[in-house]
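Chemist: Sequence:
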Amino acid sequence: MSAAFAFSMLGVWLFGAAATGVGVVLGVLVVVIAVLIEVFKDNTMQDWLERCYFGVFESGKRYQGAQQEMSELRLAVAG
Numbered sequence: 657m658s659a660a661f662a663f664s665m666l667g668v669w670l671f672g673a674a675a676t677g678v679g680v681v682l683g684v685l686v687v688v689i690a691v692l693i694e695v696f697k698d699n700t701m702q703d704w705l706e707r708c709y710f711g712v713f714e715s716g717k718r719y720q721g722a723q724q725e726m727s728e729l730r731l732a733v734a735g
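Counting in my numbering, the sequence shown runs from 657 upward without gaps.
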């Protein structure tokens, strides 16, 4: 399948574009988009770490007790 793509006109055009400035710009654009997705995606483990006993939030926004903290940890690890 990949050989058929490589020898088709679209494959030749894409491989030719990759060797030019257009390919470099597209490559940089793909990397930037991937980094933005990683930065802005929802991360339940990071949320839990921010709200746990040693987290960065003030005490009013942290978990109120160890029982709640542990149940939220189970949810973060599971999902």
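It should be emphasised that the hints constitute simulated quantities derived from the structure, not laboratory data. It is possible that part of the hints are untrue.
Claimed, not checked - In the EDC-like style, the derived pairs of lysine to aspartate or glutamate whose C-alpha atoms are separated by at most 16 Å in a straight line are:
hint, residue 1, residue 2
1, Lys-717, Glu-694
2, Lys-717, Glu-706
3, Lys-697, Glu-714
Said to hold, decoys possible - Label pairs and their in silico Cβ distance ranges:
hint, residue 1, residue 2, range
4, Ile-693, Ala-734, 19 to 25 Å
5, Gly-716, Val-686, 23 to 29 Å
6, Gly-716, Leu-692, 15 to 21 Å
7, Gly-679, Arg-730, 16 to 22 Å
8, Lys-697, Gly-677, 38 to 44 Å
For every residue, glycine included, the Cβ atom is placed at its ideal position computed from N, Cα and C.
Chemist: If a hint holds in the structure, say so; if it doesn't, say that too.
Modeler: A quick look at each hint next to the structure:
Straight-line distance between C-alpha atoms of Lys-717 and Glu-694 comes to about 25 Å, which puts the hinted pair past the 16 Å bound. The suggested pairing of Lys-717 with Glu-706 holds, with an alpha-carbon distance near 9 Å, which does not exceed 16 Å. This hinted pair does not check out: Lys-697 and Glu-714 have alpha carbons roughly 23 Å apart, beyond 16 Å. Distance hint check: the CB atoms of Ile-693 and Ala-734 are about 22 Å apart, consistent with the given range 19 to 25 Å.
Separation of Gly-716 from Val-686 is about 42 Å and departs from the stated range, judged on CB atoms against 23 to 29 Å. Between Gly-716 and Leu-692 the beta carbons are some 31 Å apart, a value that contradicts the proposed interval 15 to 21 Å. The given range of 16 to 22 Å is broken by Gly-679 and Arg-730, whose C-beta atoms sit roughly 46 Å from each other. Our hint of 38 to 44 Å for Lys-697 and Gly-677 is violated, since their Cβ atoms are close to 31 Å apart.
Going through the hint list in order, the structure does not satisfy hints 1, 3, 5, 6, 7, 8.
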